[in-house]
Each structure stands twice: as C-alpha cells, then as structure tokens.
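**Student:** Residue numbers (the working numbering), protein chains in the order written: chain A, 1 to 235; chain B, 236 to 563.
Some hints could be false.
[As the list claims (entries may be wrong)] Heads up, simulated SDA-like pairs for lysine to any residue below, C-alpha to C-alpha not over 20 Å straight-line:
| hint | chain 1 | residue 1 | chain 2 | residue 2 |
| --- | --- | --- | --- | --- |
| 1 | A | Lys194 | A | Ala223 |
| 2 | A | Lys86 | B | Gln243 |
| 3 | B | Lys274 | A | Thr80 |
| 4 | A | Lys194 | B | Gln320 |
| 5 | B | Lys245 | A | Leu84 |
| 6 | B | Lys274 | A | Cys119 |
| 7 | A | Lys194 | B | Asn315 |
| 8 | B | Lys257 | A | Pro98 |
| 9 | B | Lys257 | B | Val277 |
| 10 | B | Lys274 | A | Gln123 |
| 11 | B | Lys245 | A | Asn132 |
[Unchecked claim] Only some residues are given here: those of chain B computed to face chain A with a beta carbon under 8 Å:
| hint | residue |
| --- | --- |
| 12 | Met236 |
| 13 | Ala238 |
| 14 | Lys274 |
| 15 | Val277 |
| 16 | Pro336 |
For the record, the hints were derived by calculation from the structure and aren't laboratory data.
Only a predicted model underlies this, so the values are computations on that prediction, with no experimental measurement involved.
Glycine included, every Cβ here is placed at the ideal spot set by N, Cα and C.
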Amino acid sequence: MAKTPQLVTPPSDSSAEETRTPPGEDESKSKSPGFSRRSFLTQLGAAGALVSAAPLLHTAAATETIAETQTAAEAGPAGTVAFLLKVNGQEHQVRLEPRVTLLDALREHLQLFGTKKGCDHGQCGACTVHVNGRRVNSCMTFAIMHQGDEVTTIEGLAHDGELHAMQAAFLEHDGFQCGYCTSGQIMSATALLKEPCGADDDSVRECMSGNICRCGAYENIVAAVQQVRGHQVGG
Amino acid sequence: MEAFEYTQAKSVDSALGAGRSKSSAKYVAGGTTLIDLMKLNVERPTAIVDINPLPLTKIEPSPDGGLRIGAMVRNSDLANDATVQQRYAVLSQALLSGASPQLRNMATTGGNLLQRTRCYYFRDTAYPCNKRIPGSGCPAIEGYNRMHAILGTSEHCVATHPSDMDVAMMALEAVVHTSGANGERAIPLNEFYLLPGATPEKETVLAPGELITYVTLPPLAEGTRSYYLKLRDRASYEFALASAALVVHMNGRRIHRVRIALGGVGTKPWRSMEAEHALEGREATGATFLAAAEAALRTAKPLRDNGFKVKLAKMALTRALQVATQPA
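Produce the complete structure using the sequences and hints provided.
**Tutor:** Right under this line is the structure:
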C-alpha cells in the first residue's frame, strides 16, 4: 500500500469493510461484473495521494450499479420503503428499512465509504456529515428522516479535482495519523467556518470537541483549522 | 435494533393521531437519545413518528414579555439566539456546555426535556434495572456509582438526570406546553419531572402520546443576572459531575430574588428552594453562600463512589453565587 496520506479511505479499512458487509449483500454485488467492494477499495488504496479526489469518480460509478440493481428488483424486501436521498448534489432512489441510519445508508447502500463508523453512538464524531449545511452525527439519525435534505459527505467537498481548503490544510499540517477520524474532523472543521466560534486555539478545541482522534493529532488539526480561518496558531 | 413502522407528521394533530395509533409509538425529533437507546435495545418502539416537519421552530416573544420556544428549536439555535444570550444567559451557557456541536445541531428543546439517564446499568440490557424493567432491581446502588445521584434517590433508583439545559430551564421557572388526547396543557417545569420513588420507569407527568409543543420562559426583572457553572471530568464534551444554574436579582449587596437549580447530582434537574430561602433578603457574602450550599445538600444521600459530589456540588453553588453576585 502507498504510504502517502489516505485522506478519505485508509487501506487498513478494507478488512473492516468486509466484516461489516451484511449477509446477502455480497450476493447482489456479484451480479455486477467488474465491481466489488474489495476491488473498489484496492483501487482507492493504489491511487495514493490522489485518493482524496478520486472517490468522486469511483463512487459515482458504484452508485449507478446499485441504482440499477434496485430498479430491477422492483418491490423490495418486506419492511423496506422507497425514497429519495440527495447526497453531494445527486439524487439517489433508495429502498431501505426505516431503521437504517443515515451513516449506514451512505456506506452500505450508496457506497460512500468516506464517512466512517466509529462508536455508532454519537460520541466520536467519525460519522460527521452536513445536513442542509449543518454538521450532524450521521449515526444518530435515520436515513428516511432526510428525504428532501441536502446531505454533504467528505466525497462532496472537493470540486473539479480541487481539494477544499480544509482538506489541503489537513494535508499540509499532517492533521491525522491513521486517518480514521479524518473525514469526520474535516466535515466538522468546514462546518465550524460558518458557526460562531472564537478566534483563539481554545475556541477551536471546544468547537472540535465532538471529534475524537485516538492518534492524538489534535495540535495539527487545530493548526489546519486556524490556517483556513486566517488565524495565528498559539492565540 | 428492532424493526418499526415509520410515519412522518406534518402537523401536531397528525402527530398526535399517529402517536395514539400504537401504544409503544415514540416521537423522534433529533434522535440523539432515542436512536442511541434503540441501538442498545433499551428502547424498542414498534412505531416511530417523525416530528421533524412540525412547524415548532420559532423563538419568539410571549405575550407576558417572556420568551416562547418551539419544541423543535435545535439546541444550537437556542444557545446562539441573541435574545437568549442577552436575557437568559444561563440557558445559552448550559446548552453550550452540553454534548458536542454536532449533537446540539440535532437535539431539540422538547427532546432535551425528555433526555434519559446515562446510568450504565440502565443502558446495558445485560443488567437488571428498575427503570428499564420495573421490579428487576438496581445494580447501581451496590455497584459502580460514581456518576450517580445523591439527591432525590430511592431504594429503587439512583440514576442521574443528565441534562444541562433542563437545569437552566428549572432555574428560569420554565413552563412546558403540551398537546394530547385531552387537549393542551401548561406544566410548570418544577412539576414536570417525577422522583423515582417506587416507579423509576415513570420520569415525567406526560401521558402516553402527549406531545411537547412549546416551552415558555417568564420575563425577568430588569437587572436580573444568570449564570451556569458546570464541573466535569474533562474540559468539554462530558456530563456534569455537579453543576449550578442561578438566576439572581440584587438590591445593592442584598439578594432580592434568586432561583437555583443543580445538575449532575439529582434524579431530576434539582431546584433547591432550600438554598433560595437561605439567600433571599440576605447580604451576598461568603458565609451566606456557604449556608445556602449546606441547605441545598442537606438531604444528600451519597453512595459508595459518589460521596465527593456532596462537596463538589456545594463548591459549584458557592462559586456560581460569587460570580453571579459580584459587583458589575
């Protein structure tokens, strides 16, 4: 695996992906020749430093595949409900049980693996996404509650191959180590730019307190956030 | 998590209808308590009524000069509202000291009033819990109880009420407005929560299917100050070990009127009229504050691990009184 920073999906994630696949899901995937979750992740890993921009393309392809499978299935399994989810400006017709969280819908059904599942109880912030421009824990809300909402994930931050300034700042300041919390950190940090948050470092720490980093990259995360806000670190 | 039927309510009437349709139906707003507990199988509703579309999202002046807060106002919007920050500072401070920015963007005013305890025995279905399964027992009383309550406990339950917002609301003498099968009613917050007693599964006076629609805050006299002090294990993103909410009106150096509530120590947000009586009409001195703190904690019943909360709560209250009564 490339040693370059894996901004969106660290290579080590692939084993976790496999174990989390619900029974029966692999079967439906195998009907789509040329695509599997494993190969998708391998491509991501191999893409190395470019990986942060690449998911836009890969996930678009993945989503189409899923959408086709679902239309072909017509009436879905018992207990599922069809609805529209708008993610990163793109509408997706999904058919899910109401108990599927927004996080699981993004990862398991829209193949947007950038958003991470950490604690799954609203405590770690790894699953942070924007709903109508505001940051929320996607693990603590059901996908079906977001019909008509604009959901933005880490995959939606970069535009035309250009990283969001916050993504670039995280790279520049090494705002991560293992990378698992990083997409949540960046989604929080970009939301913070539009929130009332004091100028000094302590205010940034408070505003970022909903995102836990077990590697302890906090100093570098604060530096990245302060750079994008145009503030001096050490304030 | 168990499967459930999902409906979305666009009006209070349709919410009430859907809420009545199944006995185990639950309203979901922010979801930060309910969905968490559903994942743990602590909450197992067979029907969920999504009340997010309800038009209860305004913060507006009430006819008596106070404030009317829609049940669906998010914690972050309430905390950052200019009127709340200027006139009800204690509420803004309490909200901003709770949870994380993400959770505050989700959690609502009505939902926060119904926040459930963080007692680890309540949250773990491997253990008995009188709140979860009435009559099954309370392992916290003899178990690990550092986080547990010292006020309002019973031999059946010692679970702490976790909210910060509700402590501030208690000191502000908020009124909870509801709609239900028997029409609308207004419940003073001090009468909203029930002590655990022999029925810890009953936490509020709400009837099944009754929906919180608004919270009103009475107007405060010109010059009233308010303050929230929270003490906890970390600097941020942690529940209170002890907290104090104060709303105080001074007459020179004399305390004319004061309202006090404590958090992190009670089985409900703990209004202390005993402390209020010990302060009103007296001069704001260290000795008066200490007497008030003693009065507030007089009935405290510490357990094996949480004896420190008695002293911590007294210190939180005296420190908050010092800050809120110091000359401008």
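**Student:** Going through the earlier hints one by one, which of them does the structure break, listed in rising order?
**Tutor:** 15
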